[in-house]
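Read off the chains here:
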Amino acid sequence: NAGVTQTPKFQVLKTGQSMTLQCAQDMNHNSMYWYRQDPGMGLRLIYYSASEGTTDKGEVPNGYNVSRLNKREFSLRLESAAPSQTSVYFCASMSLTLENEQFFGPGTRLTVL
Amino acid sequence: GEDVEQSLFLSVREGDSSVINCTYTDSSSTYLYWYKQEPGAGLQLLTYIFSNMDMKQDQRLTVLLNKKDKHLSLRIADTQTGDSAIYFCAESHGGFKTIFGAGTRLFVKA
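Protein sequences, first through last, are from chains E and H.
Our numbering numbers the first residue of the first sequence as 1 and each following residue consecutively.
Our numbering numbers the first residue of the second sequence as 1 and each following residue consecutively.
These are calculated hints, taken from the structure and not from any lab test.
Check each hint, because a few of them may be wrong.
Listing some non-contacts, in silico: residues in chain H with all C-beta distances to chain E over 12 Å [to be verified]:
hint	residue
1	T25
2	Q44
3	I49
4	Q57
5	D69
6	K70
7	I86
8	K97
9	R105
Here are the simulated SDA-like pairs of lysine to any residue, each with C-alpha atoms no more than 20 Å apart in a straight line [to be verified]:
hint	chain 1	residue 1	chain 2	residue 2
10	E	K57	H	G94
11	H	K97	E	K9
12	H	K36	E	K57
13	H	K97	E	R109
14	H	K56	E	E99
15	H	K97	E	N65
16	H	K36	E	F103
17	H	K97	E	T54
18	H	K97	E	T55
19	E	K9	E	G53
20	H	K97	E	M27
21	H	K67	E	T55
22	H	K97	E	R44
23	H	K70	H	G40
24	H	K67	H	I86
25	E	K71	H	R75
26	H	K97	E	Q17
27	E	K71	E	D38
28	E	K57	H	R13
29	H	K36	E	N62
30	E	K9	H	F96
31	H	K67	H	F107
32	H	K67	H	A77
33	H	K36	H	D69
Glycine residues also receive a C-beta, built at the ideal position from the N, C-alpha and C atoms.
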């Protein structure tokens, strides 16, 4: 099992450019998440998908869109990147087991110039 | 709203014990977690405790929960240089969302 995979690992964009961050999990988990990690602010939830076919806003959704393509894949799109979106982005998945553990991908480091 | 707070840095000498503290605001939390993030990697669950427990021990790790004060701590005995990482406190009701703290960066000096 690969667990949670994310592509790309690194990306540099210019202000106004668009891009899609890809995430896939092979653990048959129902729930998937996108977080951003900024120094001193920890993890902030951007969007989540409780199950295939549903998506919901998290704490910081502005400037982002998501697609739950199928049970395995959950993508995050920046339509018009801004320097404030420079961050490390993590995708995670969770199965509603006893302890609700979240499994994280390795992250995408995004710089917007 | 729900909030999880923890100090940002902790420095210890190799072989000493490390204690990382966390406070949370949601008294209806069901699960409390400690996740570890190594450099350049995503978070991994280190240990967790149910809200009806006071203590959980797992090898070098001891988790203490004071529900009255909404205080959670993680003690790492005999800290090694390989324990250098960022440790995140987190809480959940058992639903879809988990609330993470800002993370405590642990430095272990040889």
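Q) Hint by hint, which ones does this structure get wrong, listed from lowest number up? A) Violated: hints 2, 3, 7, 8, 9, 11, 12, 13, 19, 21, 23, 24, 25, 26, 27, 28, 29, 30, 31, 32 and 33.
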